[in-house]
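Participant: Bring the two chains, given one by one in their own frames, into a single complex with the hints.
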Amino acid sequence: MTTVAVTGKGGTGKTLVSALLIHFISKKSNKVLAVDADPDSNLADALGVEVEKTLGEIRELFQTSRDEMGTMNKEQWLEGKIYEAICECKGYDLLVMGRPEGEGCYCFANSLLRGVLKKLTRHYEYVVIDSEAGLEHFSRKTIDSADYVLIVTDMSKKGLATAKRIKELTKELKLNFKDIMLIANRIANEAAEQRIKKFADEEGIKLLEILPYDEKVVELDLKGIPIVNLDEKSGVYRRMSKVAEVFLKG
Amino acid sequence: MVLKVSHLGWCLMVERKKIEIPAGAKVKVSVGAEEKFPFDISPMYEGERIRKEDMFVELGGPKQVKFELVLALPAEQVEDMKVTLVGPDLDEMQEGKEYPYAMIYYIAGSKVETDLEPVIERRNHDFQNYIEGYMHLNQRYDVWVRIGKGAIKKGLKSLIQIAKATMMLYKNELPFIEKIEALYITDKALVEKLLKEVAMPIYEERDKRVEMLHDEDVQEFYSCTLCQSFAPTNVCVVSPDRPSLCGAISWFDGRAAAKVDPEGPNRAIPKGEVLDPIGGEYSGVNEFAKQESGGEYERIKLHSFFEFPHTSCGCFEVIGFYMPEVDGIGWVHRGYASPAPNGLTFSTMAGQTGGGKQVAGFLGIGINYFRSKKFIQADGGWYRVVWMPKELKERVSKYIPDDIRDKIATEENAKTLDELKEFLKKVDHPVVKGVVRKVDGKKITEGWPEEKKAEEKVEEKKEVPATPAAAQPAPAMAMPMQPTQMPAFQLPAMPMPAPQAAPAGIKLVIKDAKITIGKIVVKKSKGES
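Chains A and B, in that order, give the protein sequences.
When you line the first sequence up against numbering that gives the first Met the number 0, it's residues 0 to 249, in that order.
When you line the second sequence up against numbering that gives the first Met the number 0, it's residues 0 to 528, in that order.
Careful, some of the hints might be misleading.
With a cut-off of at most 27 Å between alpha-carbon atoms, the simulated BS3-like pairs for lysine-lysine come out as follows [to be verified]:
id	chain 1	residue 1	chain 2	residue 2
1	B	Lys258	A	Lys80
2	A	Lys80	B	Lys81
3	A	Lys89	B	Lys96
Calculated directly from the structure, the hints in this document are not laboratory data.
Next comes chain B alone, as it looks inside the complex (with noise of 0.2 Å):
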């Protein structure tokens, strides 16, 4: 039940020790379980408003300095079940102001790792308003409480009580945790000091995580199925490297959603074994994918954009879409109505693949994934990138390397194929000569042929559903899908939007195929690759 995060080793990370109190400082303590409190416990106050007209105080919220924070320490650190407070208490309070306040917890057990703070942290905001008069809110440097003139009339005296409550439901609902301390502060001065030298660097500190954390650090991933009324085969796997398409949820919410709710729309999925670790293929996630979409599909690949692509719901912000004719990948956003240099809009493109299909040669996916250090590598992440939008690309900008920025075109570089090409050329991007992909050092693409072979395509031009990509020369490439009659320029990126709209002689099964882009050979038709 512990959510273990492998240890990930942060040459940044801040020290965690207890706080110091100023000499002179207004100071109560006490040690030691309440037998009895003046106010009932139970989940049934959550979500409880204190309105402004029923409130004794405020203790942070909008006008004050505030802030909560959860501290792992060495067992000899902790002394159980001790509070101190610094600052007035709430008989020295007067009725209906606002008074600066941090709650601080030092915790130790034997289980309790440092990555598991944040997690911990969260959980004051539950226990706290179990609290009968007590309203807790937001989180971190937000935190904002209020005091009912209830809880007061009830016998509630002093935020000790306040305190002995939460460390109760703490040992109580989170076993793990051996021992735990509060320290509450209500000086101003104190709080200021401590949110700005303590509490800021570790919160940074996490974030800097968000980034830090990888596929590999974790052993479980989460789905996310909210979005099923719309595409009932869609499954949105949740990983560190990957966000869901919706870009709404990361791993750290499928994480928090799953603990709160186990069988809701975001559940654990235990990883299983890698299969394939630079395309993001997990035992695990196959088993679940076949599972979740009734056995539409077998396989997954999380940082895939040919290969047994992760499906797309509908509800994705961004989709990418191969253009053969210069085998680079494009990407559009929602927001960019004009036609992307294959001819098609979003909304085209989205209605296409939209609904829970796996589709090769289009992916659906959140803008944050593009900050993903795998963002689609096994075919050449950001190297493989040849147009998007200039908004997305602005947005998105720090996110790509240094050596590939000024190489994707956006439509201001090119709005056709051709302008496309002329700018790839010009500027010499890694597609024209072949992407080798950073991950493992593979050249993944040959590069553009030189002009000719235009005949072959006459011919296909005729077996192809008309789209405007599709009626375009191709490069050398070879996907050799299902034996059929296709030509060997069979391009992996055909628009096909449903299966009644494939003409006589072709079907597209993706499930069979044999799609091998770690290395392109053109081959004759003969069958199977």
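Okay, chain A solo, but in the shape it has when bound (with noise of 0.2 Å):
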């Protein structure tokens, strides 16, 4: 299994690296794992899929319900709810976080959870996670780990800065991942490849690629089709596939 944490300032394009590494990585492999784990974004309306229920909304079910289920085993209660709500798309399966917690205790309903998740992802191949840029799946461990941390920032400074953090960040939550990595989005000229080059190079991650400016993926945002329908021939689609490329050898 392979598990690829795609994170970044919400805005610089974190989405759209993730939906298109799980189109062109579910070309390949029939077992991967789509999880949308940033309540902001919608990774389901990118993938151009749509999707019925959130692990959030089954949490909060398990919370409610929970004093009614007498001798039923939650766990496994838990773990057909989580099932029943992993979309199944075409040749991937979806599951969204949703929401995060409430008030009052989750320490028993995270418990089950992160049990359920972990048999559930070693079955996959491939598991690709849009993540907030605060980590917040990992560092609660619902999400065990990562093997690739890949950040994505535009040329803004809040996306540069974020950047800097997630890197700390995943420092302090001691995951274990193999590698961290940049992609860095929209970049319109030489200068602005230059200075992200430099900025790669100061904080030390591994510049894996530059997606210029595109006008098509605007063009798809404004019209809102899914970011997949994303043409063939233009550069953000074919250096994505290259990202992909990565990580399908491994």
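Facilitator: As structure tokens, this is what we get:
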């Protein structure tokens, strides 16, 4: 199993990168799990699929119905609900984590969730996680670990600052990943390219790919068309195909 | 290793018998162990999701009628390693379709009891998931099975092979099962009929057991230390009559978890000797508490509010608070943001009580503890309860005894202590004239005194950390603690958040205190009781 966590500041193109990675990897493998772990983004929209239930909703349902479960086994109850919530898309499965916890104690629910997710994920060849910059699911250990952390940034000051912070956070959380890499998005010119290279150097993050500013991406965004329908000739599409190759090779 | 639950003698038990197969049904029978299976069997297949694209057929699941059931029968009725399949087998099924599914196991053995049926039934999920290319999810009337195309390709031909593999695992893993027989059904009409007539009444019977099973019926309780990261000295003791404070873990959950991971966060606590049947004190629990709290606590009474109460983690759903002014207990849940009649909010009280402390006068509980027949029984149970938010009261209303339900105030009746006093007097709540403990008929409180003795309160006011509750006049309650300079009217409910908050000269050490609620005696301050 290879797990890739895609993260970065919101609006930098993190979901675009996740969706296209899933798109390319699922062409080669039929055991792909996509995880939307960012309540602010919408991976399902980018992939052009619909999701009925989120893990967060199931957890709330568990909290409100657990008193009525009698002698039923709660782990098996939760597991069944999660498997029902997983969206079976063409070529991959999608699990949406949804909203964070409400008030009250989630120790037990999360402890059960961890167990279920661990057993579930180990059967996939690839797990691609679209994660918010705070890496909350990693810190709570609802998601066990990642092999690769892929930080997406544009040239904005905030995007770069977030990239830097994520790197520090991965250290703090002791995520035992194999590699941490950077993807720069919306790089419009040579000067910007130089600047991002310098940033990656200084921060000691491997620069995996530079995605150009792409009118076609903007157009899809405006029309609300799923990004996986991106023109195959577009620069972003071609370069993302190369990125996917890196992980397909392992 | 057999989880023994002492027999409960239900009057409403559903009769266990073999299922009659209707005449003329399409039946396949096979007897004897299988030599070889065309699939791997290993725990590594657990969690394997068979995707729709890779699925040969779906059995049960969201679109079909289904159930699984284990029935304990006398040995002579069970034919070992026999499988009967009623309805179409895999080779008669259409790829990509869903079919009804029932899996029934008859089991026998000298140690097999009806009580074990649900425990054994849950293992069907584990064992079937060991089978490569076979996905089993859920339980009871929700089972959802998928068989992969890959399994068919590798030579899986019949559900009889699945049944035989499962039975083999049952006998290997649970050797107390001496004989096992399976009846699998894919015939819709029969699955529907048996679900309604046989399975549902048995599931209902089991759930009724939750309410009928008591602390005295079991040999072991279970611990929960899941939240020790927040509350290092907290030890949740989960018994049939006392669910965890967070409300999430019942005795049955503890048992299930301890079985899977005996060294995990839920461990078995042998009850040991009964030291106080009313308060719920057991030597095994005390030992465990001492060990797990690092010696911080030596005694815990499961059903006591004042004396060696259970510790409170911080996760609790509801907090109980003693109001000396009315000599009664109020409860407030997490969702109620306004102050309770004692002037404190849930979060203020939770902050003082949480963190795994044993604080007399405050008690964190899970909402389903209100259902318990032993709900703070040492201190009068429901008859000592004087206030709770309307939302909470409605939620647990059916568990409140009829003769006290209307006498418990909500925020609609009283928001302050004065209003509460008025209300309790008006409805003649037991605390006014004295509470009689239902469990043994003992009168445990004296009732409210005539309104006087105001002078002594003034002195006390200086001594006690400022909380609205503490500043109010109290009824005659003697709670002798340490030999300190406390006045006679020492309150058990002083919110003492942390040692450093206690004013000079007062140290509340709960450990050595003799708090006797059984008989309330007013004493002059001359030391120990």
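Participant: If you check each hint against the structure, which ones fail?
Facilitator: 2
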